[in-house]
Amino acid sequence: MTQQVLLYDTTLRDGMQGEGMSLSVDEKLRVAHALDGLGIHFIEAGFPGSNPKEEAFFDLLAAEHFEHAEVAAFGMTRRRGLRAADDPTLRLLAEGSAPVCTLVGKTWKLHLEKVTRVDPNENLAMIADSVGFLRDQDRRVIYDAEHFFDAFRDDADYALRCVRAALEAGAENVTLCDTNGSSLPSDVEAATARVVQEVGGAVGIHTHDDAGCGVANSLLAVESGASLVQGTMNGYGERCGNANLVSIIPALQLKLGLKCIERELLSRLTETAHLVDEICNVTPGPNQPYVGKNAFAHKGGMHVAGVTQDSRTFEHVDPAAVGNDRELLVSELSGRGTVHARRADRRGAR
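Under the numbering used here, the first residue of the sequence shown is numbered 6, with each subsequent residue one higher.
In short, the hints are calculated from the structure, not lab data. We put the CB at the ideal spot given by N, CA and C, even for glycine. Any given hint might turn out to be false.
Restraint ranges, calculated between C-beta atoms of paired labels, are given here [unchecked claim]:
no., residue 1, residue 2, range
1, 69, 332, 18 to 28 Å
2, 26, 61, 12 to 22 Å
3, 60, 26, 26 to 36 Å
4, 91, 269, 47 to 57 Å
5, 228, 102, 14 to 24 Å
6, 189, 22, 15 to 25 Å
7, 261, 325, 18 to 28 Å
8, 57, 87, 34 to 44 Å
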């Protein structure tokens with residue numbers, strides 16, 4: 006049986022942390038339905054209670070129907086010194102309409118010392134209490150282990166204890182986060198394989214692109230056993246952005262042979278990527294893999310000659326598989342064959 010990889014989109018929460026990114030409630034709803042139309046499994050709609058717009062959006066979502074996606078609400082583990090049942094943020098998640106709650110919690114001792122000033126054992130209790138409380142309220146829980154790979158390099162045993170605490174409390178998935186985007190593919194591969202081997206639960210991956218490795222790290226994590234991938238459309242996100250689901254989805258499906266979305270839905274990838282750009286007032290990147298205007302553009306005469314004989318010579322996938330088109334460019338590098346091929350291509354498009 007082909008392995009199923011679940012897709013978790015955080016465009017509406019993590020993606021909106023990018024410079025200049027802001028959507029109205031109606032625009033957020035348009036994006037959510039575009040993601041559902043692509044076949045995304047989880048849509049992280051935002052952080053309830055963080056601001057009035059988020060509250061209004063979740064109120065609107067409660068009456069919406071999605072064919073493929075489950076709505077997830079984002080939150081944090083309980084505050085120190087407070088019972089999970091008494092934490093206002095957790096109570097909001099428990100009483101909300103979202104069937105899935107995604108909790109983020111600390112993993113790296115550097116953050117415990119410098120940011121939250123929480124004892125490592127208290128942090129483990131915060132993770133377990135928070136997940137357990139939401140499970141008692143009949144909420145599904147995905148746990149995001151923040152800064153996991155930095156923590157793993159610093160103290161692997163403690164990082165694994167954090168993961169186990171969430172799973173033992175009832176989390177259905179523990180997602181390993183490269184929050185700083187600091188990790189190289191070899192780091193992610195080794196750490197993910199260790200977690201999958203030791204914890205015996207469903208593992209996810211959430212990467213950022215600060216080192217230019219967001220997509221590669223996500224793919225290697227899946228090859229190492231992760232079964233859920235978090236990312237954003239077009240790689241939106243803070244600093245250098247999140248892992249780009251638009252590149253990850255076809256790589257998983259067309260190159261690794263894994264099951265993500267139905268093939269006919271994959272052909273909507275270019276349309277969806279450009280629609281989300283339009284809603285977000287972003288100009289589509291012409292050189293973006295798979296969906297960019299130049300992704301299948303051929304200029305050199307030798308290249309054009311090759312693709313007209315057999316597209317595999319200079320195209321790594323069929324453009325139609327991701328809803329894109331081949332473009333034959335005429336320039337000083339073109340030969341007579343390019344001109345003839347372009348003319349034939351345009352006639353066929355009429």
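Results for each hint:
The hinted range of 18 to 28 Å is not satisfied by residue 69 and residue 332, whose Cβ atoms lie roughly 37 Å apart. Roughly 18 Å separates the CB atoms of residue 26 and residue 61, a value that falls within the hinted 12 to 22 Å. The supplied range of 26 to 36 Å is broken by residue 60 and residue 26, whose beta-carbon atoms lie about 19 Å from each other. Range check, residue 91 to residue 269: Cβ separation about 48 Å, and the 47 to 57 Å hint holds.
Our hint of 14 to 24 Å for residue 228 and residue 102 is violated, since their Cβ atoms are close to 36 Å apart. Under the hint 15 to 25 Å, the C-beta atoms of residue 189 and residue 22, about 23 Å apart, fit the expected range. At about 20 Å, the beta-carbon gap between residue 261 and residue 325 stays in the expected band of 18 to 28 Å. In this structure the hint that residue 57 and residue 87 lie 34 to 44 Å apart at CB is violated, the actual value being about 24 Å.
When held up to the earlier numbered hints, the structure conflicts with 1, 3, 5 and 8 and fits the remainder.
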